[in-house]
Structure formats: C-alpha cells, structure tokens
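Using the sequences and the accompanying hints, generate a full structural model.
If you want the building blocks of each chain, they are given just below.
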Amino acid sequence: MREAILQFFSDPEAVQRAVVWSGAVCTLAIYTFLYRENVIYRLFEHFYLGLAVGYGLFLVVSEILIPKWWGPMWNEGRWWWAFALTGGAMFYFVYSQKHNWISRLAFGAVMGLAVGWMFQDFAGSNFPKIAASLKPVIPHPPVGDSPGLSVPEAVNNAIFLFVLLTVMSYFFFSFDYEKHRRAAKAAQIGRWMLMLGFGAMFGATVMARMSLLIGRMWFLLHDWLGAVSF
Amino acid sequence: MSVFERMQRIDRRVMYLLLVVVIALPMFVRFRLPTAITPEVRGVYDTVEAIPRGKLAILSGDWGAGTLAESLPQTEAMMRHLFRNGVPFAILPWAPQTTTLMQNTAERLAKEYGKVYGRDWVNWGWKAVPMVAFLKSMAKDIPGTVKEDYRGTPLSELPAMKGVKNIDDVGFVCHITPVGNIMLWVAFIQAVYGTPIAYAPTAVMVAQGYDPLDAKQLVGMLPGLVGGAQYETLLNDPRSGVRWSNSLSLAELLMILLIVLANVGYFASRRAGGAGR
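Read top to bottom, the protein sequences are chains G and S. Residue numbers are given in our numbering: position 1 of the first sequence equals residue 1, and the series is strictly consecutive. Residue numbers are given in our numbering: position 252 of the second sequence equals residue 252, and the series is strictly consecutive.
Derived from the structure by calculation, the hints contain no laboratory data. We put the beta carbon where it would ideally sit given N, CA and C, even for glycine. Mixed in with the good hints, there may be bad ones.
Some chain S residues near chain G, calculated using beta-carbon distances under 10 Å [as the list claims (entries may be wrong)]: (1) ARG12; (2) TYR16; (3) ALA65; (4) GLY66; (5) ALA69; (6) TRP126; (7) VAL186; (8) PRO212; (9) LYS216; (10) SER240; (11) ALA251.
Take a look at the structure:
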C-alpha cells in the first residue's frame with residue numbers, strides 16, 4: 001500500500017490527473033445546489049471550509065512564523081525577536097476583564113500605525129480627485145501650453161459637473177426641503193443619478209459572476225473532459 | 001396559467017440550463033464578435049509601448065484560481081505585450097497562489113517568445129508583509145526590500161534586476177486584482193513618485209477604477225474579462241480573453257432576453273386583467 005502511494009506521487013501525470021478529477025468532482029458537487037439544496041452540496045461545502053481553514057493555518061506557520069520569526073530567532077541568533085511573542089500575546093488580554101488594559105496598548109499601537117498610513121492614503125488618493133473634479137465647461141482653443149477644449153469634451157465635463165453637484169446635494173442634509181424646492185429637486189435628481197450608478201455597478205457584478213461560471217465551464221470542458229481546445 | 005403568466009414563472013433551473021448552453025456554445029463553435037477598444041484599455045497599451053528602454057515593469061498580482069477567467073486573460077495579455085516589446089518585468093504576487101499561477105503563465109508564454117527566466121522576467125515571490133509597508137520600502141530600495149526571488153535566488157544574481165535600485169527604475173506597474181487595493185498603489189507610489197500605474201480589476205471592481213482614471217492617477221484600466229479581450233485585440237493576437245468574452249456576450253444577451261420576457265409578461269397580464277406578479 002505504502003509503495004503504491006509513493007509510486008503514485010512520484011508520477012507527475014498521475015498526480016495531475018487526480019488534481020483535475022478532484023477539481024471536477026468538487027465543482028459539480030457545489031453546482032448541485034443550483035438544482036436544489038442537498039446533502040452532497042453541504043458535504044463539499046464543509047470540505048471546502050475545512051480545506052480553507054487548514055490552508056490558512058499552514059500558511060501562517062510555514063510562510064510567516066517559521067521563516068520570519070522562529071528561524072531568525074532560533075537559528076540566526078536574533079534573540080530580540082522573542083519580544084514579538086510578548087507583543088502578540090498582549091492582544092489576547094482582550095479576553096481578561098481585569099487585565100484588559102494590556103490589550104489596549106497593543107491595539108493602540110497598531111491603530112496609530114494604521115492611522116498614520118491612512119493620512120497619506122487619503123491625501124494621495126483623494127486630493128487629486130478633488131482637483132480633477134474642477135473641470136472647464138466652456139470650449140476654447142489651445143492657449144500656450146494649456147490644451148484646448150473641444151465641444152464634445154465641454155459637454156462631457158458639463159454632464160460630469162451636473163451629476164457631481166446633484167449627487168452632492170443629495171447628501172447635504174442642512175436644507176429644509178419643504179422651503180427650498182429647488183434644492184429638493186436637485187437632491188431628487190441626485191438620487192436618480194445614484195440609482196443609475198448602482199445599476200451600472202450591479203451590471204458589472206453580474207458580468208463578474210458570469211466570468212466565474214465561464215472559468216469553471218472551461219475547466220470542466222477543457223481540463224477535465226478535453227472536449228474543447230484553444 | 002396564461003402564456004403571459006408562464007413568461008414570468010420560468011423555472012430557474014431551466015434558466016441555469018440555458019445559461020450553461022449559451023456559455024458552452026462559443027467554446028465548441030469558433031466565431032468572433034466585434035470588439036470595441038475603449039480609451040482606458042488603449043491607455044494601458046500606449047503606456048506599455050512608451051516604457052523607456054532599460055526600465056523594469058512590475059506585474060503586481062493579487063488573484064487566485066477563483067477569478068482565473070478574468071485575471072488570466074489580463075495577465076497573459078500584459079505578459080505577451082512585455083515579452084513582445086522586450087521589456088523585462090517582475091512578478092509581484094500578493095498571495096502564495098498568485099506566485100504559482102503567474103509564474104506558470106510566464107513560463108508557458110516564455111516558450112513561445114524564446115524568453116528566459118532571470119534575464120527577461122523575475123518572480124519576486126510572496127513576501128507575507130503588509131502591502132503599504134512593502135510599497136513604501138520598495139519605492140526607496142528594491143533589492144533591500146525584495147532581497148530574493150521566489151526560488152531564494154538573491155536579486156543581485158538575476159540579470160533582469162541589474163541596475164534596478166528603486167522605483168525610479170520602474171517604468172510601468174500593472175496591478176491585476178479582484179481586491180479593492182489599487183488606491184494603495186496610487187497613494188503610496190503614483191502620488192509620490194509619479195510612476196505610471198494601470199489597473200486590471202475583475203468586473204465587479206471596475207466602478208472603483210473610473211474616478212482615479214478620470215483624475216489621471218491611472219494611465220488605463222483593463223475592465224475584467226472584456227478588458228483582457230480588448231487588449232488581445234489591440235495586440236492583434238486573439239486568445240482566451242476574446243474566446244471567453246464571446247461566452248460572456250451570449251450570457252448577457254440571454255439575461256437581457258429573460259428580463260424583457262418577464263417584464264412583457266408582467267405588463268401584458270396586467271393589461272389583460274391578471275394580477276401580474
């Protein structure tokens with residue numbers, strides 16, 4: 001038995017065949033849900049969850065704890081990595097009512113680091129967008145180094161500004177819409193623009209889901225059955 | 001039950017079966033639907049064409065087997081273009097799975113173009129560090145941050161990395177991902193160093209890409225599978241992206257047809273005095 005297993009794993013083609021077959025069986029088992037809820041689907045769903053958790057744990061040990069912490073500390077004499085254990089262990093005091101404050105030190109340090117990054121993230125991401133939102137709407141020929149603006153570009157910019165302002169007005173809650181009918185109208189148009197945006201986003205989501213199905217179909221028809229080729 | 005009521009009550013299993021048929025059809029029958037090239041895809045192509053000689057390109061990947069149908073055509077198209085133009089590139093994977101998937105793709109394509117690992121491309125491997133920390137460090141010191149490739153070979157021994165010190169030696173970055181982390185590249189690399197960055201998201205994340213695109217923070221975008229298909233068309237080398245986008249087009253046509261059918265049934269049955277649904 002042991003020899004048969006070793007022989008199997010020493011043959012890359014046999015291993016590849018087994019991988020493809022297990023992939024196909026798992027795919028079909030999961031897709032049985034499309035017919036109706038059933039025990040095969042549930043069984044493979046639990047296989048998947050178990051595999052995902054096991055894989056995640058394995059990665060943490062093999063890719064992080066051993067090469068980045070245990071190895072340098074134990075094999076390379078970097079003893080100061082032992083303090084990382086103390087720092088990490090501090091998080092677990094969140095479960096202690098008496099010593100909860102210890103975990104807050106660790107959380108505070110991590111949050112401070114994250115907030116520092118967020119400042120740069122926010123500035124680098126959003127300030128150029130605000131600047132780019134101030135678009136010209138009057139067509140003009142090139143002036144010096146500044147490029148001109150054609151009529152279609154000006155129309156595009158006008159539409160952009162119209163949508164921007166109406167959507168922003170929807171999120172401006174300081175108006176009494178009973179008294180300011182124009183502001184109410186702008187907010188209503190803004191809501192419609194948002195709905196159009198959500199519709200487009202949902203359309204893109206459907207497209208993405210179809211792509212997932214295409215990927216699985218190609219796997220079944222090409223990799224497993226060999227019925228189609230590039 | 002009237003015809004109009006039946007139009008609203010098609011069994012979902014029948015719809016799933018129809019979907020499978022229309023998706024499988026283009027895989028068996030070869031045909032080509034017209035592909036319009038959008039400005040965002042053209043932007044990526046033009047930027048790759050203009051990468052200065054001696055600069056490195058980075059293909060940053062954050063995808064796995066789950067989004068293969070979208071991310072693989074994008075990755076393949078980018079690699080083909082870089083191989084064809086003789087631009088050395090580094091694979092920068094953000095997950096262990098991506099390391100293997102992108103490396104396998106590069107090895108497969110390298111045979112077609114006669115390219116060699118180490119000279120024409122390198123794989124930096126997954127580093128298991130926070131993305132922001134890695135980007136900030138890499139921007140200033142690539143060899144010191146990356147240290148070695150996915151096989152454990154020091155970067156100094158790889159010809160493609162010769163003379164590459166920091167982000168100034170990088171002429172182009174394409175981030176291929178189903179995850180919404182493109183703005184980290186923008187905030188910590190593009191905004192600070194001006195490196196041209198392209199975005200290749202899955203279709204579900206496409207909406208996130210248009211505002212940085214409009215603000216010129218991105219040079220272009222390959223939106224999902226369709227983006228891969230457009231890029232293959234620009235390269236005049238239709239492959240999986242074009243083939244699979246045919247399936248996508250037919251699937252969407254079917255869905256539009258079903259929506260129209262159900263709505264026609266609804267309004268017609270209301271007009272006929274039925275309750276609708």
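Okay, the hints, checked on the actual structure:
no. : hint   : result
1   : ARG12  : holds, 8 Å
2   : TYR16  : holds, 5 Å
3   : ALA65  : holds, 8 Å
4   : GLY66  : holds, 7 Å
5   : ALA69  : holds, 3 Å
6   : TRP126 : holds, 7 Å
7   : VAL186 : holds, 6 Å
8   : PRO212 : holds, 7 Å
9   : LYS216 : holds, 7 Å
10  : SER240 : holds, 7 Å
11  : ALA251 : holds, 5 Å
In terms of the numbered hints stated before, the structure departs from none.
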